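Asker: Residues per chain, in single letters:
Number of protein chains: 2
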Amino acid sequence: MHAAIIDATRKSWVHVPEGSDFPLQNLPLGIFRPGNGLARAGMALGDQVIDLNALHTSGFLAALNLPDGIFAQPVLNDFLAMGRTAWRGLRNRVADLFDAANPELQGVPDKDSYLFPLGEVQLQMPVFVRDYTDFYSSEGHATNVGTMFRGKENALMPNWKHLPVGYHGRASSIVVSSQEVRRPKGQLKPDDSSPIYGPSRLLDFELEMAFVIGEGTSMGKQISTSEAEAHIAGMLIFNDWSARDIQKWEYVPLGPFLGKSFASSVSPWLVSLDALEPFRVAGPVQDPPVLPYLEYEGDAHYDIQLEVLLEIPGQEPVTICRSNHRNLYWNMIQQLAHHTVNGCNLNPGDLMASGTISGTTPDSFGSMLELSWRGTKPLPMPDGSERKFIQDGDTVIMRAWAEKDGLRIGFGEVRSTVLPAN
Amino acid sequence: MHAAIIDATRKSWVHVPEGSDFPLQNLPLGIFRPGNGLARAGMALGDQVIDLNALHTSGFLAALNLPDGIFAQPVLNDFLAMGRTAWRGLRNRVADLFDAANPELQGVPDKDSYLFPLGEVQLQMPVFVRDYTDFYSSEGHATNVGTMFRGKENALMPNWKHLPVGYHGRASSIVVSSQEVRRPKGQLKPDDSSPIYGPSRLLDFELEMAFVIGEGTSMGKQISTSEAEAHIAGMLIFNDWSARDIQKWEYVPLGPFLGKSFASSVSPWLVSLDALEPFRVAGPVQDPPVLPYLEYEGDAHYDIQLEVLLEIPGQEPVTICRSNHRNLYWNMIQQLAHHTVNGCNLNPGDLMASGTISGTTPDSFGSMLELSWRGTKPLPMPDGSERKFIQDGDTVIMRAWAEKDGLRIGFGEVRSTVLPAN
Chain A
1 MHAAIIDATR KSWVHVPEGS DFPLQNLPLG IFRPGNGLAR AGMALGDQVI
51 DLNALHTSGF LAALNLPDGI FAQPVLNDFL AMGRTAWRGL RNRVADLFDA
101 ANPELQGVPD KDSYLFPLGE VQLQMPVFVR DYTDFYSSEG HATNVGTMFR
151 GKENALMPNW KHLPVGYHGR ASSIVVSSQE VRRPKGQLKP DDSSPIYGPS
201 RLLDFELEMA FVIGEGTSMG KQISTSEAEA HIAGMLIFND WSARDIQKWE
251 YVPLGPFLGK SFASSVSPWL VSLDALEPFR VAGPVQDPPV LPYLEYEGDA
301 HYDIQLEVLL EIPGQEPVTI CRSNHRNLYW NMIQQLAHHT VNGCNLNPGD
351 LMASGTISGT TPDSFGSMLE LSWRGTKPLP MPDGSERKFI QDGDTVIMRA
401 WAEKDGLRIG FGEVRSTVLP AN
Chain B
1 MHAAIIDATR KSWVHVPEGS DFPLQNLPLG IFRPGNGLAR AGMALGDQVI
51 DLNALHTSGF LAALNLPDGI FAQPVLNDFL AMGRTAWRGL RNRVADLFDA
101 ANPELQGVPD KDSYLFPLGE VQLQMPVFVR DYTDFYSSEG HATNVGTMFR
151 GKENALMPNW KHLPVGYHGR ASSIVVSSQE VRRPKGQLKP DDSSPIYGPS
201 RLLDFELEMA FVIGEGTSMG KQISTSEAEA HIAGMLIFND WSARDIQKWE
251 YVPLGPFLGK SFASSVSPWL VSLDALEPFR VAGPVQDPPV LPYLEYEGDA
301 HYDIQLEVLL EIPGQEPVTI CRSNHRNLYW NMIQQLAHHT VNGCNLNPGD
351 LMASGTISGT TPDSFGSMLE LSWRGTKPLP MPDGSERKFI QDGDTVIMRA
401 WAEKDGLRIG FGEVRSTVLP AN
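Each protein sequence line maps, in turn, to chains A and B. Every letter in the first sequence is one number past the one before it in this note's numbering, and letter 73, counting from 1, is 73. Every letter in the second sequence is one number past the one before it in this note's numbering, and letter 64, counting from 1, is 64.
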């Protein structure tokens with residue numbers, strides 16, 4: 001059996017800068033492409049990327065009995081499908097190889113050939129997203145949006161505390177950090193006229209986290225809350241871009257569609273639940289009590305700090321939101337138990353996002369819609385201008401990390417610049 | 001240039017029974033597996049399946065310059081991605097090879113080795129469904145459902161005649177005809193109690209047709225109504241299974257989720273728009289006028305007859321619905337122009353379903369919800385029992401065909417038996 005946790009006292013022979021998101025205890029998985037090479041699997045360590053394919057072909061991972069070429073693929077799906085034992089085995093083995101106390105790789109003359117500086121590689125989508133589901137699991141966000149559109153008394157719909165509300169999203173348009181996002185066009189409905197066609201005027205981000213399915217299930221199979229964690233290969237930061245005006249006009253009665261499907265953006269590094277294990281916390285008391293299939297034991301929420309920065313052209317980025325993953329009312333294992341309660345099958349690479357994660361204070365709201373309260377409270381920008389929603393040329397940066405007792409497990413960031421409609 | 005239409009007077013040297021869905025003028029694409037062979041691509045002709053891989057490897061398709069092994073794959077995606085010129089070229093070449101007036105293949109001693117009896121092969125999913133979108137484009141259906149839930153005056157939502165309302169669905173649980181469908185469990189909300197957990201009591205079918213994308217598009221690209229047809233590789237019958245009680249409780253405000261995602265069923269043969277060309281008809285007058293990006297020229301609706309049969313255990317099937325694809329208010333090219341108006345990218349194998357296709361008369365309603373009018377008008381069954389919704393052991397059969405001047409272009413059927421919840 002492989003341990004879930006890599007002891008916090010262990011250090012790597014690779015230099016890990018103070019405050020790095022990627023110490024030896026993290027080792028998140030990703031897909032990278034060196035200058036003129038092919039895409040392959042890697043792990044982040046400090047400011048370096050470990051070339052897993054090179055380690056594998058050189059025999060350093062031989063004891064794991066992995067298939068040939070498993071890390072030479074341009075997505076992680078096949079490896080994730082192998083299940084938690086395989087992910088844990090890899091993470092532990094790589095931690096051993098890069099441990100300062102272990103001469104095995106450290107003593108090899110060409111040890112540096114297994115590393116690429118993070119700044120010199122291109123990070124790609126870590127997985128082929130098979131199906132994508134978006135939940136709506138933050139009480140703060142659901143309450144804010146409900147209050148704006150239906151008033152405070154009717155903010156939460158009657159079903160909201162009985163089940164994790166969710167909907168299917170568009171998988172094809174999920175892109176990785178650094179890829180630019182184009183302002184969508186569509187139908188907008190001014191209050192005083194027939195619908196018109198044009199670029200969205202109310203472009204927004206949504207601060208979310210997502211988890212990725214490793215081992216799938218066949219149709220008819222339910223996953224209990226106690227089984228769910230073994231299916232979760234890791235987590236990403238997720239920016240669920242939203243065109244509020246397109247969405248408002250189209251979404252009744254069947255839900256969000258083109259107001260979302262133009263793009264969603266993810267961070268490139270898949271952080272395992274094992275790496276996040278030290279940051280488990282209790283969730284909120286769920287009242288009314290949930291049905292038995294949604295009950296769970298132990299702490300299943302995570303204390304992950306979240307931050308959104310907005311960078312407008314020519315200015316330094318400013319922090320506009322600080323939130324936390326623990327603000328979720330429904331946790332990931334409840335979401336997964338719910339998703340499969342009807343026998344819906346899962347596949348490796350399925351991505352499930354949390355919904356916007358807003359806290360209770362105004363500076364913790366996870367979207368411009370909430371931060372500017374429908375545009376009634378514009379945010380001041382460093383150049384004296386203000387923002388109600390996102391403008392062309394703006395860059396939205398989301399960061400996430402967990403930190404405690406000197407251990408920091410980070411996600412890096414998802415950063416996206418908005419291009420004008422074409 | 002390849003012709004779109006195969007002349008109606010041409011006959012095959014393969015016997016095509018009277019009333020067959022699959023004359024030489026159809027030649028739909030599918031994936032089949034002979035008794036102990038591998039899955040491969042085929043075309044239906046009469047009661048036979050043409051082995052496209054065998055024709056390709058024997059050189060009969062050499063003039064088409066197709067990649068090696070293109071028909072040895074277990075899905076059609078790569079071939080469909082090649083675009084309309086490739087599909088047309090193949091259909092015309094196969095029509096020539098099987099034309100009674102052409103000795104080329106007819107004169108070959110082992111000509112029968114290219115054919116398998118339809119009854120002796122297993123038909124599989126024709127495509128890997130990349131992303132799945134369901135529209136809501138029949139005015140009859142939207143009016144019926146709206147009337148039931150909001151009253152006659154507010155039946156259609158304000159957006160309905162301005163845009164083809166649609167939503168993202170679950171791609172992974174789309175299965176092919178003959179695969180059994182298990183009754184889902186989930187949260188149900190009785191009027192007089194808190195939500196409960198159990199098998200759906202209101203299992204329903206929805207009579208739909210779907211189209212499959214061939215050549216995809218990149219993000220940011222819009223497809224105009226005049227470009228749309230070239231991206232549609234063909235059509236299937238689509239049964240959008242629905243658990244009305246799960247759906248009713250969960251769907252506000254973000255749309256259908258677990259009430260749909262347990263299963264959808266498709267017919268196995270992908271019928272090309274070229275084969276359906278003789279059956280184009282004008283659509284309804286759209287009033288209010290649509291925005292320019294939804295305008296189109298020519299006849300873009302299709303006169304395709306639709307039929308639902310219900311077979312309860314121990315009884316002969318009875319026809320419970322007769323509808324027509326021309327009942328759609330929004331046609332496929334409008335749906336596609338709308339889907340891409342925000343720059344959402346398309347991929348080969350994307351599947352877009354019509355929404356339930358109901359006409360205006362009670363016998364043309366495309367779901368049990370409408371046929372039994374929420375259970376208030378049960379349907380009489382041959383054994384004296386009645387049906388408000390679908391029971392365990394029931395088999396739902398949907399058929400579709402176009403017919404005119406002695407030419408019949410059919411889809412075969414999608415047939416699914418319901419298993420009890422487990």
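Calculated from the structure, these hints are not laboratory results. Every value quoted in this text rests on a predicted model; they were computed, and no experiment measured them. Careful: at least some of the hints might be erroneous.
Copies of the same chain are indistinguishable here, so a pair counts whether it falls within one copy or spans any two.
Here are the computed lysine-lysine pairs in the DSSO-like style, where the Cα-Cα straight-line distance is at most 30 Å [said to hold, decoys possible]: (1) K221 <-> K248; (2) K152 <-> K388; (3) K404 <-> K221; (4) K11 <-> K152; (5) K111 <-> K388; (6) K111 <-> K248; (7) K221 <-> K388; (8) K221 <-> K189.
Asker: State for each hint whether it applies.
Answerer: Against the structure, the hints:
For a Cα distance limit of 30 Å, the shortest separation of K221 from K248 across copies, 23 Å, qualifies, whereas the shortest one inside one copy, 36 Å, does not. With identical chains, the CA atoms of K152 and K388 are at most 30 Å apart within one copy only, with a shortest distance of 22 Å there and 39 Å across copies. Taking CA atoms no more than 30 Å apart as the test, K404 paired with K221 passes in neither setting, with 38 Å inside one copy and 46 Å between copies. Taking CA atoms no more than 30 Å apart as the test, K11 paired with K152 passes in neither setting, with 51 Å inside one copy and 70 Å between copies.
For a Cα distance limit of 30 Å, the shortest separation of K111 from K388 qualifies neither inside one copy, at 50 Å, nor across copies, at 70 Å. In this assembly of identical chains, K111 and K248 lie within 30 Å of each other by CA distance neither inside one copy nor across copies; the values are 55 Å within and 60 Å between. For a Cα distance limit of 30 Å, the shortest separation of K221 from K388 across copies, 28 Å, qualifies, whereas the shortest one inside one copy, 45 Å, does not. Taking the shortest alpha-carbon separations for K221 and K189, only the inter-copy value of 23 Å comes in at or below 30 Å, while the best intra-copy value is 43 Å.
Hints 3, 4, 5, 6 from the earlier list are contradicted by this structure; the remaining hints agree with it.
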